[in-house]
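Line by line, the protein sequences are chains A and B. Here my numbering is used: the first sequence runs in plain steps of one and ends on residue 1451. Here my numbering is used: the second sequence runs in plain steps of one and ends on residue 147.
Be careful, since some hints might not be right.
[Unchecked claim] Mimicking DSSO-like on lysine-lysine, the simulated pairs with C-alpha atoms at most 30 Å apart in a straight line are:
#  : chain 1 : residue 1 : chain 2 : residue 2
1  : A       : K1446     : B       : K70
2  : A       : K1391     : B       : K70
3  : B       : K75       : A       : K1395
4  : B       : K53       : B       : K75
5  : A       : K1407     : B       : K101
6  : B       : K43       : B       : K101
7  : A       : K1416     : A       : K1399
8  : A       : K1395     : B       : K86
9  : B       : K86       : A       : K1399
10 : B       : K53       : A       : K1416
11 : A       : K1438     : B       : K78
12 : B       : K74       : B       : K43
13 : B       : K101      : A       : K1416
14 : A       : K1391     : B       : K78
15 : B       : K74       : B       : K53
16 : A       : K1399     : B       : K43
17 : B       : K105      : B       : K70
18 : B       : K53       : A       : K1399
19 : B       : K78       : A       : K1446
20 : B       : K70       : A       : K1438
21 : A       : K1399     : B       : K101
22 : B       : K101      : A       : K1446
23 : A       : K1438     : B       : K101
24 : A       : K1438     : B       : K43
25 : B       : K53       : A       : K1407
26 : A       : K1446     : B       : K105
27 : B       : K86       : A       : K1446
28 : A       : K1407     : B       : K86
29 : B       : K53       : A       : K1438
30 : A       : K1407     : B       : K56
31 : B       : K86       : A       : K1416
32 : B       : K75       : A       : K1399
33 : B       : K105      : B       : K56
[As the list claims (entries may be wrong)] Cβ-to-Cβ under 10 Å is the rule here; a few derived chain B residues that face chain A:
#  : residue
34 : Q40
35 : T41
36 : Y69
37 : K75
38 : N84
39 : F98
40 : H111
What the hints contain is simulated information worked out from the structure, not anything from laboratory work. Note that the structure is a prediction, hence the values are computed from the model and not measured. The beta-carbon is built from N, C-alpha and C at its ideal position, and this holds for glycine as well.
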Amino acid sequence: GNSVTQMEGPVTLSEEAFLTINCTYTATGYPSLFWYVQYPGEGLQLLLKATKADDKGSNKGFEATYRKETTSFHLEKGSVQVSDSAVYFCALHIGGYQKVTFGIGTKLQVIP
Amino acid sequence: DTAVSQTPKYLVTQMGNDKSIKCEQNLGHDTMYWYKQDSKKFLKIMFSYNNKELIINETVPNRFSPKSPDKAHLNLHINSLELGDSAVYFCASSPSGIADTQYFGPGTRLTVL
Chain A
1340 GNSVTQMEGP VTLSEEAFLT INCTYTATGY PSLFWYVQYP GEGLQLLLKA
1390 TKADDKGSNK GFEATYRKET TSFHLEKGSV QVSDSAVYFC ALHIGGYQKV
1440 TFGIGTKLQV IP
Chain B
35 DTAVSQTPKY LVTQMGNDKS IKCEQNLGHD TMYWYKQDSK KFLKIMFSYN
85 NKELIINETV PNRFSPKSPD KAHLNLHINS LELGDSAVYF CASSPSGIAD
135 TQYFGPGTRL TVL
């Protein structure tokens, strides 16, 4: 079956530090890959996505590249802010009417 | 305008009661979902509907019954509530279910006492 593995948090960083949250996947077929972010007390919202190998998704200074050879989609940001404190979910979707598979979520806390 | 809305936002009830959560989306999407998020933030899909038709039904107790009166609404009814049902329930929608972005509602925090 399909699965997503992401690092367990919490991850605590100082403001302006470099962020990497690892995500690897296993899938039958060719998935689209997503990063969703959940701010405290809110629902998930799409942060970025990539639909095919070597695509790079980017938004709000965050980036992730779809690496088929390593089955990975690591999230990076060069300089985090306190406002980036949230839970980040990696996800994949094969398509059709199959369910979206989410990772366990990684909590990021950025301290001033 | 809220894209995906849920009511109520908070629901506190006693064990054994029956309750409903309502969800509406004004995005014109074909597919809607219910997810359950536990206290550790783990997200689990429960149901998915496409154009009022059930297409995903995960291993969920049959005390949970979704109902989709039209493609813009997906309600969740829960019978005989148990302590373990306490969680945050999220409704979501997507345009076609074909590897597309999901749009989540704000969540309903259910507490069973």
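These are the hints, each one checked on the structure:
1. Restraint check for A:K1446 and B:K70: the C-alpha separation of about 18 Å stays at or below 30 Å, so the hint holds.
2. A hinted pair counts as satisfied when its Cα atoms are at most 30 Å apart, and A:K1391 with B:K70 qualifies at roughly 29 Å.
3. The straight-line distance between the Cα atoms of B:K75 and A:K1395 is roughly 27 Å, inside the 30 Å bound, and the hint therefore holds.
4. Between B:K53 and B:K75, the direct Cα distance comes to roughly 23 Å. Compliance with the 30 Å bound is thereby established for this hinted pair.
5. For the suggested pair A:K1407 and B:K101, the alpha carbons sit about 39 Å apart, so the restraint of at most 30 Å is broken.
6. For the given pair, B:K43 sits about 19 Å from B:K101 by alpha-carbon distance, which is consistent with the 30 Å threshold.
7. Our distance criterion of 30 Å between C-alpha atoms is met by A:K1416 and A:K1399, whose separation comes to about 9 Å.
8. Restraint check: the Cα-Cα separation between A:K1395 and B:K86 comes to about 35 Å, which exceeds 30 Å; the hinted pair is violated.
9. Between B:K86 and A:K1399 the alpha-carbon distance is near 35 Å, which puts this suggested pair outside the 30 Å criterion.
10. With a C-alpha separation of about 42 Å, the suggested pair B:K53 and A:K1416 falls outside the 30 Å cut-off, and the hint is violated.
11. The straight-line distance between the Cα atoms of A:K1438 and B:K78 is roughly 10 Å, inside the 30 Å bound, and the hint therefore holds.
12. Between B:K74 and B:K43, the direct Cα distance comes to roughly 19 Å. Compliance with the 30 Å bound is thereby established for this hinted pair.
13. A C-alpha spacing of about 41 Å is found between B:K101 and A:K1416, which places the hinted pair above 30 Å, so the restraint is violated.
14. Our distance criterion of 30 Å between C-alpha atoms is met by A:K1391 and B:K78, whose separation comes to about 25 Å.
15. Between the alpha carbons of B:K74 and B:K53 the distance comes to roughly 24 Å, so the proposed pair stays at or under 30 Å and holds.
16. The hinted pair formed by A:K1399 and B:K43 meets the criterion: a straight-line CA distance of about 28 Å does not exceed 30 Å.
17. Between the alpha carbons of B:K105 and B:K70 the distance comes to roughly 21 Å, so the proposed pair stays at or under 30 Å and holds.
18. The straight-line distance between the Cα atoms of B:K53 and A:K1399 is roughly 39 Å, outside the 30 Å bound, and the hint therefore fails.
19. For the suggested pair B:K78 and A:K1446, the alpha carbons sit about 17 Å apart, so the restraint of at most 30 Å is met.
20. Annotation: proposed proximity of B:K70 to A:K1438 holds, straight-line Cα distance about 14 Å (limit 30 Å).
21. Note on A:K1399 and B:K101: the hinted pairing is violated, with a Cα-Cα distance of about 37 Å set against a maximum of 30 Å.
22. Taking the CA atoms of B:K101 and A:K1446, the gap is near 33 Å; set against the 30 Å cutoff, the hint is violated.
23. For the given pair, A:K1438 sits about 19 Å from B:K101 by alpha-carbon distance, which is consistent with the 30 Å threshold.
24. Between the alpha carbons of A:K1438 and B:K43 the distance comes to roughly 25 Å, so the proposed pair stays at or under 30 Å and holds.
25. Between B:K53 and A:K1407 the CA atoms are separated by roughly 45 Å; this puts the pair beyond 30 Å, and the hint is violated.
26. Simply put, A:K1446 and B:K105 have alpha-carbon atoms about 34 Å apart, too far for the 30 Å limit, and the pair is violated.
27. Between B:K86 and A:K1446 the alpha-carbon distance is near 35 Å, which puts this suggested pair outside the 30 Å criterion.
28. As the CA atoms of A:K1407 and B:K86 are separated by approximately 35 Å, the hinted pair breaks the 30 Å bound.
29. Taking the CA atoms of B:K53 and A:K1438, the gap is about 26 Å. The hint holds against a cut of 30 Å.
30. At most 30 Å may separate the alpha-carbon atoms for a hinted pair to count; A:K1407 and B:K56 exceed this at roughly 39 Å.
31. Restraint check for B:K86 and A:K1416: the C-alpha separation of about 40 Å exceeds 30 Å, so the hint is violated.
32. With a C-alpha separation of about 23 Å, the suggested pair B:K75 and A:K1399 falls inside the 30 Å cut-off, and the hint holds.
33. For the hint linking B:K105 to B:K56, the alpha-carbon distance of about 13 Å falls within 30 Å, and the restraint holds.
34. Satisfaction of the interface hint for B:Q40 is found here, the shortest Cβ-Cβ separation to chain A being roughly 9 Å, below the 10 Å cut-off.
35. A distance limit of 10 Å between C-beta atoms decides the matter here; for B:T41 the minimum to chain A is near 14 Å, and the interface restraint is violated.
36. Contact between B:Y69 and chain A, as hinted, is supported at the beta carbon level, the nearest pair being about 8 Å apart and thus within 10 Å.
37. About 4 Å separates the beta-carbon of B:K75 from the nearest beta-carbon of chain A, less than 10 Å, and the hint is met.
38. Here the hint on B:N84 is kept, as its CB sits about 6 Å from the closest CB of chain A, short of 10 Å.
39. About 16 Å separates the beta-carbon of B:F98 from the nearest beta-carbon of chain A, more than 10 Å, and the hint is not met.
40. The criterion of a C-beta within 10 Å of any C-beta in chain A is not met by B:H111, whose closest approach is roughly 21 Å, and the hint is violated.
Violated hints, listed in ascending order, are 5, 8, 9, 10, 13, 18, 21, 22, 25, 26, 27, 28, 30, 31, 35, 39, 40; each of the other numbered hints is respected by the structure.
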